[in-house]
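Number of protein chains: 2
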Amino acid sequence: MAQHTQPARGMRDFLPDDVRRRQYVIDVVRRIYERYGFEPLETPALENIETLTGKYGEEGNKLIYKVLRRGEGESSGEADLALRYDLTVPLARVVAEHRGKLPKFFKRYQIQPVWRADRPARGRFREFYQCDVDAIGSSSPVVEAEMIAAVSDVLQALGFRDFVVQVNHRELLTAMLEAAGVDAPLHGDALIAIDKLDKVGRDGVHTDLTARGISDASAQACLAAFEDVPAFDRLVAASPRGAAARENVTKIMELAEATPAAGHVTFTPRLARGLSYYTGAIMEIAIEGIGSLGGGGRYDGLIGMFSGEQIPACGFSLGLERILVVMTERGMFPPEVQASGPDVLVTLFDEASVPESLRLAGELRQAGLRVEVYPDADKLGKQFKYASVRNATYVTILGGDERARGEVTIKNMRTGEQAAISRDSVAQHVRASLQAPTSSLQE
Amino acid sequence: MAQHTQPARGMRDFLPDDVRRRQYVIDVVRRIYERYGFEPLETPALENIETLTGKYGEEGNKLIYKVLRRGEGESSGEADLALRYDLTVPLARVVAEHRGKLPKFFKRYQIQPVWRADRPARGRFREFYQCDVDAIGSSSPVVEAEMIAAVSDVLQALGFRDFVVQVNHRELLTAMLEAAGVDAPLHGDALIAIDKLDKVGRDGVHTDLTARGISDASAQACLAAFEDVPAFDRLVAASPRGAAARENVTKIMELAEATPAAGHVTFTPRLARGLSYYTGAIMEIAIEGIGSLGGGGRYDGLIGMFSGEQIPACGFSLGLERILVVMTERGMFPPEVQASGPDVLVTLFDEASVPESLRLAGELRQAGLRVEVYPDADKLGKQFKYASVRNATYVTILGGDERARGEVTIKNMRTGEQAAISRDSVAQHVRASLQAPTSSLQE
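Chains A and B supply the protein sequences, listed in that same order.
Under our numbering, the letters of the first sequence match residues 586 to 1028, in that order.
Under our numbering, the letters of the second sequence match residues 586 to 1028, in that order.
Watch out, some of these pointers could steer you wrong.
You can't tell identical chains apart in this list, so a pair holds if it fits in one copy or across any two.
Unchecked claim - With a straight-line Cα cutoff of 27 angstroms, these simulated DSSO-like cross-link-like pairs (lysine-lysine) come out:
| hint | residue 1 | residue 2 |
| --- | --- | --- |
| 1 | K836 | K640 |
| 2 | K647 | K781 |
| 3 | K686 | K784 |
| 4 | K784 | K964 |
| 5 | K686 | K640 |
| 6 | K781 | K640 |
| 7 | K964 | K686 |
| 8 | K967 | K686 |
| 9 | K970 | K781 |
What the hints contain is simulated information worked out from the structure, not anything from laboratory work.
Work out the full structure: start from the sequences and follow the hints.
The structure is reproduced here in structure tokens:
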């Protein structure tokens, strides 16, 4: 009865070291977002299929995992449920459903997996976590500034120093495209082309723009505007909406300078962001040589899609999977996350010593230590070998002699040092030694 | 375009207060299990359908959510993936797949949602969390003792005092049924009937047993054996396997008395546990008047189902959803989990004060406080009303006067007390006041 034992295509098993790294990042994100007054929300993995279909465009629709009806309906081949595809549509549904229970300014974070039947590729999976913050109910630039502050704070808490928060505004891009003579129906196409500037370069974007039916002169004018900020500013200043948008960006940046994002924020005229639903400021976190670690913006039309009511909103999505890859490559995890072994392996000297050894393990755990008990009174050599494979920091031996003397023998597996410690002070001793790993075991 | 906004049938949205309670319990479970040397594992929500089918019996098969093939195959109505139904089958698959990377004694915990297309009922949902620990690779009674210790430690860390860990052994039940004259092919049926003793009472079980073809004399003998331990012991002592099992239970209980489970463990002859795969000791956590909060046991045949190899294993599953219900009913959550409001609401006095107010918010957050900034310079009355709705503990006011004097006005929303505090010491002050909530704001 041999069976396939790999996870399904595009899915991953997370072994203990993987989970620890993921959990570390998620815990930091949670802690920082909580400090900013964002509150946790969780929605079900399965949604009624009507909730999701028609929300992600034709391409998106194809990538939604659909769940067969149960019972009688199963043979019909009909789907009535679908797996969560992003965290924004469920948020919009929740806001419409629970409006009365939610505060006027609802600031939520949500860290949950989503599923997309995308073609698997390096770094692209069919199950992956999204990590979203959204602030609903206010159109004040304080919202954008706070959001930029929060994501900057998260990145700094994770150890990133070399990131830049790029800021732009959809209305500025519209004003620029108008001034460059791009017809309104082509604006969406133009933004998709411009969004690739960092990837494909100036010539690539020019080719793409003209291929999409934009004149050479308009394409040149757009690309020139991205070369320097004053040129861009002159182009957009002609339009009242452009001028208002520029003022909004200036305000957001000025406010962000009063937060932990200070020194990291930059006005970036070429920033376009792919998604069509943004209506105001747009933002992206970029690292030189790495690319984007997340992005977001203001979208005042989307949240109301379930309630009909127009509700202002601004959101940011951190690329959790990307952040994990970069942190792993750069070795940014603290030692306690990387070294996964137990603090102490408690050996079993003989059958008679088992209850007392369990008592010792209990005391060490009471002191907050991670303790594994070897399950059998095997030969000590075998137990030590296991301790070494498990990467345990300390090993305890509690034989008849030790018990008689009220002591425990402790071996530091890093230094090889071994010492007899009074039974009462073992926990305290190991804790102190772990905090100063180079210090001696001797009292 | 009004749409249904409720979650799908049998699914739940978790609003911030719900998530906080769930997260609190999960964090405690994680922390304690880590101390016992259990390591985190996560598996994908979607498994290949062959991985799950045929593992849960005919009833279970019907409750599995099946996912339609994508692309061309979608119209065939065929399913190729299925949603995780429990955490044990994925564990068995992972052990077979990653055996070489896992330690000889693999102790893992896993806290993830599972999905079952069960009829929704009070307290029964179609998406719910399981919270499993399993220790793989050893048949030592130390494993059971450590598992009993770990779950007892978790329950005590959550504030439970009145729980009992019931212990029994499958081989003991077999020996008892043999001694009572129940034919071997009826043992499975008999266990299902006996498992309901606490629910339906002695007469109910007697009726059920005889309805299943067990003689009145045998049924009487079984039920009498559950009345007192010495009677049970006499009945099983005749069989060598019964005697060995009794010795194993005695050993497990003796070892568990050397752990935080001391005083909570009891030998419970009537404990049967519904699942068919147990082969050794079985355990259940019960609270008088509440019922079961989880259970487990030794199952030496299950883990090998993917690798073919027989691997000893022992597991325990905590009923997370049940624990949450009981803790909510009993008011067992610490105040910081129940009171969800921000520590501080920072008001915006006027436009000019916004950057300085954001700086203040940053300092308070740096000190670890949860801080919400009101996004507009609305009338203060309106901002205070919002602070009150949000259940904020403190509100800050930073107007022109305060800025000129290098001060911040702070109002304690619990006591109504208001005071001007030197700007430099606001964070320190609020932190200290929060730790001693009845103390005065005055320095």
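Checking an output row: K686 and K640, CA cutoff 27 angstroms. Within, between, both or neither?
Answer is within: at 25 angstroms inside a copy they meet the 27 angstroms cutoff, but 42 angstroms across does not.
At 27 angstroms max between alpha carbons, let me know whether K784 reaches K964 within a copy, between copies, both or neither.
Cα proximity of K784 and K964: none, with 60 angstroms in one copy and 48 angstroms across.
Should K781 paired with K640 be assigned to within, between, both, or neither, using CA atoms and 27 angstroms as the limit?
Within one copy only: 24 angstroms inside a chain, 48 angstroms across chains, cut-off 27 angstroms.
Indicate which option fits the pair K686, K784 if close means a Cα-Cα distance not exceeding 27 angstroms: within, between, both or neither.
neither (44 angstroms within a copy, 38 angstroms between copies)
Since the copies are identical, ignore which copy is meant and state whether K967 and K686 lie within 27 angstroms (CA to CA) inside a copy, between copies, both or neither.
between (59 angstroms within a copy, 19 angstroms between copies)
For the identical chains here, do K836 and K640 meet the 27 angstroms Cα criterion within one copy, between copies, both, or neither?
Result: close neither inside a copy nor across copies, 32 angstroms intra and 60 angstroms inter.
Evaluate K964 and K686 at a C-alpha cut-off of 27 angstroms and name the case that applies: within, between, both or neither.
The answer is between: 24 angstroms across copies meets 27 angstroms, while 62 angstroms in one copy does not.
For the identical chains here, do K970 and K781 meet the 27 angstroms Cα criterion within one copy, between copies, both, or neither?
neither (54 angstroms within a copy, 46 angstroms between copies)
Checking K647 and K781: alpha-carbon separation at most 27 angstroms within a copy, between copies, both or neither?
Intra 24 angstroms, inter 48 angstroms, cutoff 27 angstroms: intra-copy only.
Of the hints listed earlier, those the structure fails to meet are numbers 1, 3, 4, 9, in rising order.
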